[in-house]
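Heads up: the sequence lines are chains A and B, in that order.
Residue 206 in the numbering used here sits at position 206 of the first sequence, and the numbers go up by one each step.
Residue 1100 in the numbering used here sits at position 100 of the second sequence, and the numbers go up by one each step.
Treat the hints with care, since some could be wrong.
[As the list claims (entries may be wrong)] Once the Cα atoms are required to be at most 25 Å apart in a straight line, the calculated DMTMM-like pairs of lysine to aspartate or glutamate come out as:
(1) A:K49 to B:E1123
(2) A:K143 to B:E1069
(3) A:K41 to B:E1123
(4) B:K1092 to B:E1123
(5) A:K116 to A:E128
(6) B:K1125 to A:D65
(7) B:K1057 to A:E188
Hints were generated in silico from the structure; no laboratory data involved.
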Amino acid sequence: MAIRRRTFLKLAGLTLFGTTASAGLGNLIASGEVKARGYTKASESLIGKRWAMLIDVKKCKEGKDNCKLKCIEACHSIHNVPSIPDKKREVKWIWEEKFEYAFPEQADEHFKQVFKDVPFLLLCNHCENPPCVRVCPTRATFKNEEGITMMDFHRCIGCRFCMAACPFGARSFNWIDPRPYIKKVNPEFPTRTQGVVGKCLFCYQRLAQGKIPACVEACPEKALIFGDLGDEKSEVNRILKERVAIRRKAELGTHPSVFYLID
Amino acid sequence: MYNSNKVILGIIVFVLFFGMPFWLNLGRAKPLPKPELPDDEKECVESRAYMRAYHMKMLLEWRVKRVREGQVYYINSQGKSFRIGLQNTCMKCHRSVENFCNRCHKTISANPDCWRCHIAPEEVKKWQ
């Protein structure tokens, strides 16, 4: 027996109703899993619009015998950065470099002579226009609302596009499990795992606790100055108006947030 | 029914053979895993039933809120706030991955990779 038009329409209507009703019921059940709740920032946090760092090269030069590069030591121990002797596999978040390698575009012979034997501290520049963020396919690296170029290690797939994109070599790949190379562990901070890229995060976790970055705090010469570029009255803006500061590879237009005071 | 002898025999053999895992383990069911709960704390971030069912979703949301959106505190349904953190909040009460997380995860063959980066409380002891 062929189905009648009337029966067909009835059945179609019933099916439509059933589908909608079951979907609605499903949503109703699923909504039970979401509790009434919220999230807040911490009142003790340091809040900035664009965090930046000034490195007083003169103080680094004068204090280098005294300080024993406590900034690097502080950063690497707090963040469980491994010390891997093999240069091809080493991981570094902040490190020292000679002037001519830190600023290869500054061809002036005179500069080279002045800054001979001065340790230039290099770290992620937290660029305003970061090329690493543009290339990351999973958005594991992104710009947060405080101007920090963040890493979400949960999302990193280890493709190393960011390392190729970064003009400053600020990123390190974990070729091997870093844990055996961490002598003393900080139980408050995670390690990384094999196959993710790591770098300086401007101590976002310390800023949330109201503390300045570890390297800045550890420097006995007060050569590192941390502050907010977005705040007109901040110390960093005041100093930048008065003193001569250069940035690494400024011609590339990434607008680094790390400045080197050279006067 | 044609060939009823063969068909019925076939059905019996099929049920016996494919139900083998059930027949072999009949009456030998393993007890449900009992994760070790902290003695000094009675209340978790949310109710016990909620945590049991949705802890994984909550942790997933926590990590997005903390790392990507810069939030620091979670306010629960009772209005109490907790600092977001696996190592620094969860594991301050649940002091063992082996005796808490893994008891259930092993039973149901769930292998979350949290502890490849986050440091389990047991690992800290081994390190120092």
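- Which of the listed hints are broken here? Numbers 1, 3, 5 and 6 - these are the hints that the structure violates, sorted from lowest upward.
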